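**Student:** According to my numbering, the residues represented by the sequence shown are 160 to 436, in order.
Honestly, I wouldn't trust all of these hints.
To be verified - Below, computed lysine-lysine pairings styled on DSS-like, alpha-carbon distance capped at 27 Å:
1) 229 <-> 401
2) 298 <-> 329
3) 260 <-> 329
4) 401 <-> 435
5) 340 <-> 298
To be verified - Simulated restraints on C-beta separations:
6) 433 <-> 412: 17 to 23 Å
7) 311 <-> 399: 39 to 45 Å
8) 299 <-> 340: 20 to 26 Å
9) 427 <-> 242: 40 to 46 Å
It is worth saying that the hints were derived from the structure and are not from the lab. Here the structure is a predicted model, which means the values were calculated and not measured. No residue lacks a Cβ here, since even glycine has one placed at the ideal position from N, Cα and C.
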Amino acid sequence: MDLHTRKVMMKKGSILSLVLITFIVILVGIVINYRNINEIFTNILRKNPQPISENLTDIQRADELFKQKKFEDAFLYYQRAVQAQENLAEAYGKLGDITMKWRRYDEAAGYYSNALKIENNPVLLSSRCNAYRLLAEFKAAEQDCSLAIQLDPNNAEGYAALAMLQLEEKNATAARETIDKALTAIQNSSDLYYVSAQIYTSGGDLPNAIKELSNCISINPDQLRCYWERGFAYYMSGEIDKAKADMATIIDKGDPEVDSELLYQAGNLLSMLGGKP
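Using the sequences plus the hints, can you model the full thing?
**Tutor:** As structure tokens, then:
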């Protein structure tokens with residue numbers, strides 16, 4: 160091969176290499192741009208979720224998403240319902256429920272107040288009572304709880320909220336009286352048994368706390384906070400295998416998007432006890 164031929168082939172090789180490098184750069188750019196575009200459209204769809212059916216109203220779609228624990232998307236649809244003046248009391252109430260889950264208690268109290276301007280509902284009053292309690296606005300909380308029970312003497316949420324308020328105010332005796340009164344009339348509320356367990360735990364009575372938490376789980380097997388409280392009570396009582404079983408149940412049943420904090424706590428305790436998260 161003469162010198163001229165070698166130069167020609169080297170030039171062709173350089174051109175091919177340059178073309179190949181250019182192609183790779185373009186391909187990488189396409190991938191990056193696709194990711195960026197995909198991210199942009201994902202964010203747009205997240206902010207403006209598309210209804211799965213034209214027959215569903217915003218509030219119906221929101222309710223569906225709420226049941227699926229897709230709270231961020233549900234929140235957007237409830238906001239749409241408010242803008243459309245659709246079922247305002249329910250929409251504001253659910254916005255309050257979601258912001259309570261996000262621990263934005265002041266915002267939740269505001270949503271409940273908006274709902275209560277439309278409908279004087281005992282469940283909404285109980286929910287706002289809890290929001291006020293967590294904001295340490297005890298007088299306002301007590302007024303809401305008392306009115307909720309007055310409007311509906313069989314309102315489990317009202318009794319549970321009032322008992323938690325009394326416990327928060329260091330009045331365990333009053334809290335016990337409230338819960339016992341409620342349980343004589345309402346036996347199928349997991350919330351009442353949960354609060355009853357909290358009262359027993361505050362007094363150091365772990366056996367009765369465990370019993371009440373077991374009642375809570377019997378009524379609602381998906382009430383993960385009852386597994387956590389019972390598992391921790393088992394741990395404090397030295398019943399390690401039972402504690403591990405409850406932590407494992409939380410990990411099995413928990414939803415990472417909704418129950419991340421509880422899953423983290425359960426995983427830590429299970430690891431500490433020698434189990435496998």
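**Student:** Evaluate each hint against the coordinates.
**Tutor:** Outcome of the hint check:
{"no.": "1", "hint": "229 <-> 401", "result": "violated, 31 Å"}
{"no.": "2", "hint": "298 <-> 329", "result": "holds, 14 Å"}
{"no.": "3", "hint": "260 <-> 329", "result": "holds, 25 Å"}
{"no.": "4", "hint": "401 <-> 435", "result": "holds, 14 Å"}
{"no.": "5", "hint": "340 <-> 298", "result": "holds, 22 Å"}
{"no.": "6", "hint": "433 <-> 412: 17 to 23 Å", "result": "holds, 21 Å"}
{"no.": "7", "hint": "311 <-> 399: 39 to 45 Å", "result": "holds, 43 Å"}
{"no.": "8", "hint": "299 <-> 340: 20 to 26 Å", "result": "holds, 23 Å"}
{"no.": "9", "hint": "427 <-> 242: 40 to 46 Å", "result": "holds, 42 Å"}
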